[in-house]
Every structure is written in structure tokens, then in C-alpha cells.
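> Now for the letters of each chain:
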Amino acid sequence: MSENIYKPYRMEIENIIEETPDVRTFRLRFKDEGDAARFSFKAGQFGEYSVAGEGESTFCVASSPTRKGYIECTFRKAGRVTNALLNLEIGDTVGFRGPYGNTFPVEQWENKNLLYIAGGIALPPMRCVIWNTIDLRDRYKDITIIYGARTVSDLVYKHELKEWSERTDIKLITTVDPGGQTQDWKGEIGFVPAVLEKIAPSSENTIAILCGPPVMIKFTMPVLKRLGYEDKDIYTTLENRMKCGFGKCGRCNVGKIYVCKDGPVFTYEQLLKMPAEY
Amino acid sequence: MGKELKRIKKDSLERLYNHLSVNRRIYAPVRTPDNKVEYRYNPAFADVTFDHIRSTLSVKNLVFPKVENLLYYTVTKTETTVAEADVNKIRDVVLWGAHPCDAAAYDILRSIFCWDIIDTYFLKRLEKLVVIGLSCKTADEYCFCTSVGLSPDSSKGSDILLSPLKNGDFRAEILTEKGSKIVSSQPSLFEEYPGEEILVAEVRKKFDSDLVTKNLSANFEHPFWIENSLRCLGCGACAYVCPTCACFDIQDETKGKNGRRYRSWDSCGFGLFTIHTSGHNPRSVQSQRWRQRIMHKFSYMPERNNSLGCVGCGRCSQGCPVDMNIAEQLEALQSI
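Heads up: the sequence lines are chains A and B, in that order.
Residue numbering for the first sequence follows the numbering used here, starting at 1 and increasing by one per position.
Residue numbering for the second sequence follows the numbering used here, starting at 1 and increasing by one per position.
Just so you know, the hints here were simulated from the structure itself, not pulled from any lab data.
Since we're looking at a predicted model, the values are computed, not measured.
Heads up, the beta-carbon is just placed ideally off N, CA and C, and yes, glycines get one too.
Be a bit skeptical, because a hint or two may be false.
Here's a subset of chain A near chain B, in silico, CB distances under 10 Å, partners left out [stated by the list, open to error]:
1) K7
2) G34
3) A36
4) A37
5) K68
6) G69
7) E166
8) I170
9) L172
10) C249
Facing chain B, a subset of chain A residues (Cβ under 10 Å, in silico) [as the list claims (entries may be wrong)]:
11) R10
12) R76
13) A78
14) T93
15) P99
16) D169
17) W185
18) G187
19) G190
20) F191
21) A194
22) E239
23) R241
24) P275
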């Protein structure tokens, strides 16, 4: 018989970063060295994170596969499991099943410009691929990141945003919704689609990777189209509700697609062929 | 293996039943005092029914229990220990008297639980299961097996299929290795089959499933879905009684410091099934959820699993509190 596919790896919380009052990033290490040695993943994949007694919750792996020996996840306190996770401390144990799902085709993107567009808590599912491409910086041409949140305090990965803004080989544009700025805010003020329109990054030899709340996607897509981006060159990662992670529990089924198996990474061209049930 | 035909005399059936009950559990249909039919473990042979049309619930629970424990854990202040639910403790079961629709459902469930990653719990239960099928000699207005590629005497999914003969004896079709083993362990019960006709119910073909599948792919956006689901309560009864519905939830349950993680039956008909953490719900209204149920079984599964997700047992229509009849709807979907 094959193994129990529901059994999680035991992970130790090595570090906790308080991104915002209700968002945390955990760095997790395998408690079993054999598990650590066997484990590998690629950018875009996700897993089921669990607290015994509370249940499992689905997030993307937020760290890059170029950084070995650990994985990171970022979550917002929203329900039973994330509330339990938020109360854990360094040294505590969490469960992890994965990696599941497909990946961002970073090899296909070599020698192209990359435009990352994220809104709010949707930066974590893109952080993995952002770092993956930054760590292999010489394989890609221009890298541009547009990141927006409602308020300055809602921006996650502030320490990394600072690092990215200081690098000369990455163009980072941060923005907050009107009214969400602080007195010393130096970034843009405005919604992501408006900021994108203003910056107008060329679609020439460029891949756009987009992730955010449905309303942001809805208004950003027409801007990308006006800028000349083709459907096949626009990528996103879907966040359908999941339980199992491997195409059995039925929750993430959209048309003939299982987001957990065929996704979570899709091109806009693929999305147009699916029912809009995501 | 090629199928082999034998005859079992009426009087020998009880001996076969009792033989199969030795050292393993037998799951057989009985009539309840309120004249419903339900499967029970190890009923006396005298209580087993042979003339029922359908049991209230399907028999999918033998391979996909309502609640399947996956992990057990103990949580203390200093340590969390986790133990797996042991698949090797899954015991042999003989399913006695499964009608062809229910027996055929196991293959469909297999196409979900084993299509890529193997679900060990499911597969182990299936391996431990022996199916003694029973052809239907009666049917009712809810039956539509002949519309989904089956028939009241189809042998798919059975290890041995019993079909009634006029004089009360049964024809036994020996269909698998598991079935042959039973015959060779009790050879005296299985006689030469003289070639008599079996008694088999007539089930009218209500729709052409290929045509339904073809029409569905072009009619995702059609007023049909709203018109035909306005009275749906979203109660999930259809999925609960369905022999092929396999959607599940995973939850933790704790008592004191001990707990378990289990999976349990769920339904795409429930509003919470797809709701995101943000509150956004991809299928926010009942018509979308009703459409999902039919699309999944008659459009997505044929393409993805190479199999319809329905065996035509009629339970969902019979069990629906607001009388939504899937066969009638599928009949209508042929011509939209």
C-alpha cells in the first residue's frame, strides 16, 4: 500500500514575523531530517497547514525554492485555523502537507521582462515566484513590482519592500488607497489599476503576473489589455477553497478543472475557457 | 476472466449466506418496521430482503464511510503526538444483494479516489470488499439505469451477480477472482446452469446521456438552471443518498487532550462549500450549485474521469423534499 496521503509533515516554527496586526509570516523547518531531504517544491505550489485540534488551512508556499532548508507561509487571521496559528510561538509545531498543484513556468520566462502586480494579502502567493526570479536575476530582463494595499499598515513584507526599493535592478512601486496614506508615505496614492495605467509598463516581451482581490483583477485586466498584453502572457494564481489538495474533495472544481491539480497557476487565456466560478 | 454461469438453488442460498458470514462481516438489506429498506451488518438470513427496489441510502459507505478517521492526536502543553488511522485494521466485508446500480457505483468512486494520487483508505476498503450483486426483478418510476449505460441485470462491479429465476432459484454469474474463490470454497452449492431465462425488470430509457453531455457543454449559461432550481432548499439530501457523490470535508474534533482529524460527506449543494475566507463565494446562489451538481456528473466527469457520475438509482429524486427529479431534468436537457 502507498502512504497515508493525509499525514502532515511535522514542522517547527523557527521564526515569526508580525507583518501587520493580523498577518504573520512563519519560517518552518522539518522536524524530521529525512523529510527535509526528500522534500522539494517549485514556485506557485501550495500546501495544507494545520494545528492539531483546530484543522487545516490552505496557503501557497511563500518562500522561494532557491532558499533551501525551510519553507515560509504568510496568513491573515480570518478563521479557526488561522486564529490558532496566530497564537503559536517560536518552537511550536505545525503540520504541513504538500507541495500540491502546478507551478509558475519560470524557465519559460527567461530573457523576458516580468511585471508583478499584487493587491493586499495577495502578495504572499506571489512572493515565492518574485524571489525565485530575483534570486536568478541574470536570467530575466526588467523586473517591475506594483504592490498596493488599502493602508500603509496593510502592506506586508515591509522589510523586503525596503530591500527591493533599494535595489537598482528591480523597479518597485507601492501604492495605498486614497486615505490610507500616512504623513511620511512616499509611495503612490491610488488604486492599483490607476497606478498601472500611469506607469504603463510596456507589454513588449513582458509577462504579467497578477494576483489580488476579485475587484482589483476586474479593473486591472482592461488596463493590461490596453497596454497590449496578450491573454497567454498574463498569469494569476487562484485561491479557491480547498480541503484535500489533490483533486478528490471536490471543492475547487471549476468546470472540468481542479484548481488544486491543474492550478493554482493559470494564464488569463486558460481562465477565459473556464466558468467564472473562482 | 470470462464470466461463468452457475445455478444456486433457493435452498442453497442460505448456506452460501452463512458461509460468507464466517469470519467476516456481511452487509445485507432488510426491511424496517416502517417498510423502508436499509443495509445492516450480519442480519439473520430470514430477515434479508430479495424483492426490494432500492434502499434509502446507498452502499458507498463501505468504501467511503460517512466519517473516516485520518489521524489521531494528543495535544499537551509540551508536546503534540500524531498517530495515523491504521488502514491495516480495515476488515473484510461481504456486500450481499447490491443492485447493479449500486455495484456499478464503486468503479465511479474509484475514478475519483484513485485517478491520480491513490487514496489509501478508499482503496483498502475496496480491496477488502466482496460484492454479491442481485439483479432487479422490479423497478419503479424513479429508476433510470438504462439511461446511463447500465441495466437491471448489468454485472459491472459485482464479484458474483445473482439473478432470479422463475422457480425461485438463482443464476449466478461468476465475474472476478474474488467470485471464483467463493465458488471453489463451496462447490456443492453451485450447480450447472440449465440456461433458463432470468426474471428482470423493465426500465424505460428516459434520455440519451451522450446527448445530455453534449448539450451541457454548450449551455452553462441558460435560464434552465434558475428555472429548475428555484425550489431547491440546498439541503444536500441528494448528495447524502447518492451512491457516487464523493465530495468531502476535513475537520478536527477534540475532546480534552485527545482528538482526531476526519473526513466526512459533504455536498456541492451547500452554500458554504465553496466560500472563500474573504467572504467571496464563486457559487453564491443555489442555481449555480444545482448546475454544478448536474454538470459535474454529466459533463465534467465524462471528460475528466471517462465516466458518468450517475448510475440511475433514482434515490436523489425519491429523497428530494421538494420533488426535484433529476431524470426529468436530464430528459429536458436533451432538447434545450
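> So which of the earlier hints does this model not fit?
2, 3, 4, 5, 6, 7, 8, 9, 15, 16, 17, 18, 19, 20 and 21
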